[in-house]
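Novice: Turn these sequences into a full structure, and let the hints guide you.
2 protein chains.
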Amino acid sequence: MTSDVLEKILKHTRQTAMLQSTMALLEWDQNTGLPSNAAEYRAEQLTMLAGLLHKRRVDPQLGDWINQLSEQTGNQDPLAPSSVMARCIKREYQRAIKLPQSLVQAISHATSIGQQIWVESKLRDDFSGFLPCLEKIIELKRQEADCLAAPGQSRYDVMLDSYEEGATKERIRRIFDRLRDSLVPLIQEASEKSAKLGPSVVEGRFEIKPQEEFAKWVARQIGFDFDRGRLDQTEHPFCTTLGPHDHRILTRYSKESFSTGFFGVLHEAGHGMYEQGLDPLWYGTPVGSAASLGVHESQSRLWENLVGLSDSFWHWAHPHLLEYFPGSFEGVPLEQLVQDLNRVQPSLIRIEADEVTYNMHILIRFELEEQLMDGQLNARELPNAWKSKYQEYLGVVPTTDQQGVLQDVHWSAGLIGYFPTYTLGNIYAAQLYHAADQQLGGLDRLVRAGEFRPLLEWLQNKVHRHGQSYLPMQLIEQATDQKVDSKYLVEHLKTKC
Amino acid sequence: MTSDVLEKILKHTRQTAMLQSTMALLEWDQNTGLPSNAAEYRAEQLTMLAGLLHKRRVDPQLGDWINQLSEQTGNQDPLAPSSVMARCIKREYQRAIKLPQSLVQAISHATSIGQQIWVESKLRDDFSGFLPCLEKIIELKRQEADCLAAPGQSRYDVMLDSYEEGATKERIRRIFDRLRDSLVPLIQEASEKSAKLGPSVVEGRFEIKPQEEFAKWVARQIGFDFDRGRLDQTEHPFCTTLGPHDHRILTRYSKESFSTGFFGVLHEAGHGMYEQGLDPLWYGTPVGSAASLGVHESQSRLWENLVGLSDSFWHWAHPHLLEYFPGSFEGVPLEQLVQDLNRVQPSLIRIEADEVTYNMHILIRFELEEQLMDGQLNARELPNAWKSKYQEYLGVVPTTDQQGVLQDVHWSAGLIGYFPTYTLGNIYAAQLYHAADQQLGGLDRLVRAGEFRPLLEWLQNKVHRHGQSYLPMQLIEQATDQKVDSKYLVEHLKTKC
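Protein sequence lines correspond, in order, to chains U and S. Numbered according to my numbering, the first sequence spans residues 1490 to 1986. Numbered according to my numbering, the second sequence spans residues 1490 to 1986.
As the list makes no split between identical chains, a pair holds if one copy fits it or if it spans any two.
Straight-line distance between alpha carbons at most 27 Å, and here's what the computed DSS-like set of lysine-lysine pairs gives:
#1 Lys1658 <-> Lys1579
#2 Lys1705 <-> Lys1744
#3 Lys1744 <-> Lys1698
#4 Lys1587 <-> Lys1625
#5 Lys1682 <-> Lys1878
Source of the hints: derived by calculation from the structure; they are not laboratory data.
Specialist: Below you can see the structure in the form of structure tokens.
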């Protein structure tokens, strides 16, 4: 009986996922080379599909099945697929039925157009051109939060919870307060040290082609499976899943900075390997889906920072780097390379920020979007608010909006409440790496030898394969045998100073 | 009242087109770099969308509206959009309701998988690996034809009519008989002439990058709008439309042959410019859709052959060619280039065949697929049947199936009855070019000066903007003030000998 209703839910959910992955292709394509005049029609297509999807998600028949399943799984092992399904799909369904179809479609249309206009506005450094879109998106997201809110729940808490179940602004605030107290002296110390260094060897002039080839080669070495994925170029890096065996990572290369493209690929490959580590048989269902955005980010940051910025990683990668870039890195000793990759300096662009200052960029966004949702701040006030926060927390001020409030894609895509999961991801990543290091008897030795498989298998076993069987923090605690604690991140960052 | 029901039909049809263009993106992506393990899921996605599409196409509500519209437009100008809509949508609807949804979905799944397996089988020259797919596709297409057939109508006529309204095998047979009688002596004469020539300057060693850049530049010069389209690489060249302003052409470059890639692009750009010349306001409706496959092919062949292989074209293009390929074409005089591009020689590969022998390749496929549909020939007998036809009509025999029966994508995609429209297209193209030449006061002078706009505008005006307002042959007759006649093609081909 359980299996009967479970089968029905599974079939329904998998068909929904199939439409969703079709939508994901429309979005991937929008970011890889949609002809310039085709944006409006693409937005209409996405809007139509968003409508079809929403209709499936609020299907009353699905609601009945979910109720039946919940009754049947009440006393069962909470880790059994049917229990996980009952819990997660019920949550999704109860959210979906609170949203009117018209609002879902309006958000889809506004964010599809919004992302196109954001790209152009960023290019022209024209915040005022983007403002009407942004105002509309914020207004729609406020409406969405109002629909979803439990009695007394704030809009921003609604948004946070949708990305990271159980997260609240109070909880995030506490995490940031503690982290900031540790980071401020670290940033001070490390910046002073970096300021004394000469020109960096990872800044200069790098051809795109060897960057792409080297990054692709490294992605393959650490375990990204190109038979089940691909790597392309885009304006704002991301990773997307278009099917159980189709995981696509996208990055942007810079001719001036080696780090931009290379660590962009490591980061997105980390996301991609998480998706590739989910059970394809459960694709499109909670058991085969990532636990949360925070856990997702832990996987990208682990490979980007904990592995990719380590001394041992470059011990292995350095000779290969010289092969791929015979000109650019000739005669650069390993020690200097690692030192320059790890420089700490307050800066303007989040995705190019060093590991130590990075979380301050998140703190700024967290505070601004909280105010945006609650109506304390208007979109038109953002550029100035942005500047004063950067002055306050990082001591640097952008002279253009391109380097300020226009730098991130998120708000144009309606992703409000998303940023804090980046810092959660950093915290989880450090804790996971620490645990793997202990359990595998020293990662340093393995990484130094270019043996990445044990680490990837450990992650697959401890994190990936569980899908949404645990709540995000439970999953990390289960994997590491520790309460979630930012001390592992702080300890790791101290080694950078 | 007319406008009311018309509005309803339009809205319905446009939403159907939106799903269809989503499907077209899934197919485009399948041909540009789908990860190898993702083929099965992509087939499932396409199958699901094919099902959704079919459900919309057989919507009884749509049937009611069509009947209402037909009654209202009975005495109206047949060129009025509502009359065209009534005629074409009724035809589509009446076809669709004859097909069971399960068959539509089975064909979609078999052809999606079929194309993937065809690519692999062709690569490995393994017809037996492809055979089970092909047998299945042929069986499904026979079932489809049986569902659609009017009393007494043969399966192959059903297939032909679906691509070119009004075409029958008797009519096609008459056209081929006449054409063959003219071509046989021409091929003989021209081949003898070509056989005396030395090595060709368009065969040898060509880097891909300048090929791509030159072809793209020329496509832009003749009028393909890259703000509303893009150019990519694929295994089997094609052109697809993903929206009113999103027309994508795909080609394959060869390092050994300049002609493969360059004329591939001209050909697909011709298709693309036709699509770009349709009225975007009527996108997804008969008034904004191409008249037929034959007319479509007339546009590609006109730019590829009538323009692209002419002496006057290369008079203009030659200096640019030398710029893009400073090594490969250095010191090659214009006359020799034109001569080598226009060599006539019976050969094995259709898409690389010269203009004169090309239609014999079509004749072979026409005869084989007619027999396949009627059950006179089994799929497993194809490789041998293929060889004996090539021996009979062209005097050459492939030693591999890669160069024989596996060379074309069509059958793997379920496109049976499609090939004859290529020859119709050649006939239309020559007739259109002849008429444009007369009406514009000499195309030679314009092409020689690189002035392609008058010709493109003439085609837009005479052909593109009419969509499906006329039946295919009517459209050509209307544009050229002549009955459709293969004599213009034969006259044109005589100049090649």
